[in-house]
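Engineer: The residues making up each chain are set out below.
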Amino acid sequence: MVIELMNKMETMTGAKALMTAMEKEGVKQVFGIPGGANLPMYDEFARCNIRHILARHEQSAAHMADGFGRVSRKPGVCFATSGPGATNILTGLATAQADSAPMVAVTGQVPVAMIGRDAFQESDIIGMSNPVVKYAFQPRTASEVPGAVRKGFYIARTGRPGPVLIDIPKDVQQNEAEMEFPDEFKIQGYHPWADPDIVACERAIDMLLNSEKPIILSGGGTIISSAFAELQSIAETLMLPVVTTFKGKGSFPENHPLSLGPIGMHGHAEANKMMTEADCVLAIGTRFSDRSVGTFEAFEKRLKIIHLDVDPAEIGKNQTAQVAVVGDVKASLRIMIKLLLQRAIKKTEESTWIKHVKETKAYWKENLKIHPGEMGAAKILRKLRELLPPESIITTEVGQHQMWASLFYDVIQPGTFFSSTGLGTMGWGFPASIGAKVARPDVPVVDIAGDGSFAMTENSLATAVLEDIPVIVFILNNYSLGMVAQWQRTFYDKRMIGVDQQNCPDYVKLAESYGAQGIRAQSMDELHKAIKTALSSDVATVIDIPIDPVEDVLPFVAPGTSLADMVLPS
Amino acid sequence: MWAIISLLVENKTGILFKVTNLFRSRNFNIDSISVGVTENPAYSRMTITTNSDEKRVTQIVKQLEKMIDTVDVKHLDEHKTVYRELCLFMIKISKASDSMEINKIATAYGGKVHDVKKESIMVELTATPHQIQAFEELIKPFGIIDVARTGVAALQRSGS
Chain R
44 MVIELMNKME TMTGAKALMT AMEKEGVKQV FGIPGGANLP MYDEFARCNI RHILARHEQS
104 AAHMADGFGR VSRKPGVCFA TSGPGATNIL TGLATAQADS APMVAVTGQV PVAMIGRDAF
164 QESDIIGMSN PVVKYAFQPR TASEVPGAVR KGFYIARTGR PGPVLIDIPK DVQQNEAEME
224 FPDEFKIQGY HPWADPDIVA CERAIDMLLN SEKPIILSGG GTIISSAFAE LQSIAETLML
284 PVVTTFKGKG SFPENHPLSL GPIGMHGHAE ANKMMTEADC VLAIGTRFSD RSVGTFEAFE
344 KRLKIIHLDV DPAEIGKNQT AQVAVVGDVK ASLRIMIKLL LQRAIKKTEE STWIKHVKET
404 KAYWKENLKI HPGEMGAAKI LRKLRELLPP ESIITTEVGQ HQMWASLFYD VIQPGTFFSS
464 TGLGTMGWGF PASIGAKVAR PDVPVVDIAG DGSFAMTENS LATAVLEDIP VIVFILNNYS
524 LGMVAQWQRT FYDKRMIGVD QQNCPDYVKL AESYGAQGIR AQSMDELHKA IKTALSSDVA
584 TVIDIPIDPV EDVLPFVAPG TSLADMVLPS
Chain F
340 MWAIISLLVE NKTGILFKVT NLFRSRNFNI DSISVGVTEN PAYSRMTITT NSDEKRVTQI
400 VKQLEKMIDT VDVKHLDEHK TVYRELCLFM IKISKASDSM EINKIATAYG GKVHDVKKES
460 IMVELTATPH QIQAFEELIK PFGIIDVART GVAALQRSGS
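In order, the protein sequences belong to chains R and F. Per the working numbering, the very first residue in the first sequence carries number 44; after that it's consecutive. Per the working numbering, the very first residue in the second sequence carries number 340; after that it's consecutive.
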C-alpha cells in the first residue's frame, strides 16, 4: 500500500508541479509577462502543452484571462512577475472580483528568506490584493504547489466565481519535492452552493401570482449560471416582462416580445418606466447595484422583492427581500418551473399589465429621440447589430460608447455580451476581447470602444497581431473622455477640464504600425464596408468612427436619484 | 446594538489580518477583538464586539461566513453567553487614603491589587465591559495613568 502510494508520487520542482497541476485542470493557455521572479515557471513552457500568450502590460494579461474566463466559464490564467508585475495585475483582479469572473493569477515572489526585507521587486501582493480576490495562496514549500492549484481553480470557478491569486516565491518554484496531485480535497470553510429551499420557491411563485404588476429583473448571475432557458421558460409561462441589470444585459434575448432591456443610470426608457410601475420583482442573480436601481430607499419602497442569489451575503445587503432563495439561480429557477408544471400554471391571456408593458415598449421604440446626424451613436450601433451574426461576442470598454451599446445594440443570443460593469475599468474591453476570441475562435469578437478607454490598453494590438487573434475594435471616436465631458456639461456648468484628447493618436495609423488593419468610417456606407471587411479579415482590425463630440447618452438617471427621475432626450 | 460575534477560524498566518481587513473594507467598526488558539491547535477562536444596527450586524456575519478561512461564525445572544474582559488600570495616588479607597472599590468589583507604590497602584479586573466602565467612572477622580484591556472573550452557555 505504501509502495503504491510512493509510486504515484513524483519528484519534481515547484515550477514543474505548477504546470503539471494546471494541465490537469485543463489549462490550454496562459496570458502573461515574464520577469526575474517567475522565470522558473516560464522555463516550463518549453516542456509542457500550455500555450503562452505574451501581453504588453500585466493589467492587460489579467483582463485577457478575465475575458477568457467569462466566455468559457473556466478560470482564465495570467502570469506576472513579483513587485511591479504583481501590482500591475491588481486592477485586473479587482475588475474580475467586482464582476464575479473566474480567474487564476499566478505571480512570482522573491525567495522565502527574502520576504519582508524590502528585496528588489518585492511587493506584499498577498496583503495588497486581499480585498479584491476571492482567495489567495502563497505556498512556502514546493510540495504545497499542487494543492494550491487544485483548490485555487476549484474556488475560482465554483459558487459565486472570482479571482484567485497564487503567489509563489522563486525558491519554491526551483526546489524539488515529492509531489502528490490530489484528486480529492477538503476546504472546510467553503460552501459554494446551497440547496435552494423548495418552500421559499413555492412562496416566490405565490407572490408573483398574487401581484398585479410583476416583473423579472435578471442580473449577471443568470449569465454566470447559464440559466437562459430557465429564465425564458419562467418569463413565458407566467407572461412576465423582463428587465435586466447592465451586467445581466443579454441574459434574455433582446428581440423577445417580453424583453424591455437594461434598467439603470442609462437604462432603456421603457425598462426604467416599467420597473418603476411594477409592484413585485423576481430578482435573479443581482446585487442591486446603485447604477442599476438608483437610490436604494426609493427602489424598495413600493416593491415586493423576491431575491434569488448564489451568495447569501447579497440577500439584504442593498435591498430587503420578502422572499429569498439562496442557491445557484439555475437550480432555483428549475425548482420553480417544476412547481409551476405540477400546479399546471401557464398564463395564456394577456393581463392589463402586460398589455400596458407592450404599449409602453412600442411607444418608446417609436418615440425615443436619437441623434439626428448620419453618424449618431444609435445608427452606428444598429448598423453593427445588423451586420454581425447573432452568435458574435461583444466586449465593451467603459464610457459613453458602453452605455450606447447598452441602449442600441440588441443582444439576440444570450450570453454574448460582456463588459466591466462593476468596477468600470477603462481599458478592459480590448484585452478581454482577445481572451474571448481565444475561448471562441469560431465566432466574430468585437470590442465596442471609445477613444479614451481604448487608449489605456491599445498596446494589446501587438498581442492580437503576433498571436494571430483577429478581434475587431470598433471605436466611437469623439476625441474626448466623452462620459466625463457629459458630466462636466451637465453638472459642472460646461467647464471642460482634462477631457479633450484631440485627434491623437491617429488610430488607423496606430493599427497599421502594429501590423493590424486600420479603417476609418465617416459615413454609413463606409461603415457598412468597414464592418464587412473586418468580418472577412484574418487580422485584427481597428475601425475608427469619428462621431459628434457633444452627443450625450440619454436617457440618464443622475447619481443619487431614483429611476422615476429619469431624464429623457428632448 | 452592541453585538458579540464569535468566530472559529483556521489557525493559519494572516487570518487575523483578513478578518480585520474585512471589517475595514466593508465600513464596519471593531470595538474589541480577542484571539486565542482552541483546544484543537488547528483552530483559533476570535471574539469581536461591534456597535451597529441589526441589519448591518447580519450583513457582517454573512460576510464573515463567506470568508473561506472561517469555519463557524455566530452572533451570540448576550443573555445566553458568558462574556468577560480583563482590564489593567494604573491609578494615581495623591494622598494616603487614596490607596485604601481604591482597594475598597477594587474589592467590590472582584478586582485584584498589584504593584502598590507611593504614587500609583495597579488594579486587575475581570468583568463585563459594562462593569469595567462603571469601575472606571468610580476611579476617574483619582486620576487614571494607564489602561490596558484584552477585549471580550465569550462562550455560549451550554444548551443555548
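These aren't lab readings, by the way, just hints derived from the structure by calculation. Any given hint could be a false lead.
[Said to hold, decoys possible] Covered stretches of chain R, going by a simulated chain F footprint (3 or more residues, C-beta under 8 angstroms):
id, region
1, 173 to 182
2, 221 to 234
3, 345 to 358
Built from N, CA and C at the ideal position, the CB exists for glycine as well.
Engineer: Does each hint hold? Answer for all of them.
Structural biologist: Hint check:
1. 173 to 182: It holds: at least three residues are needed, and the region 173 to 182 of chain R offers 4 whose Cβ sits within less than 8 angstroms of chain F.
2. 221 to 234: holds (count 4)
3. 345 to 358: holds (count 4)
Figure legend: structure checked against the earlier numbered hints; every hint is met.
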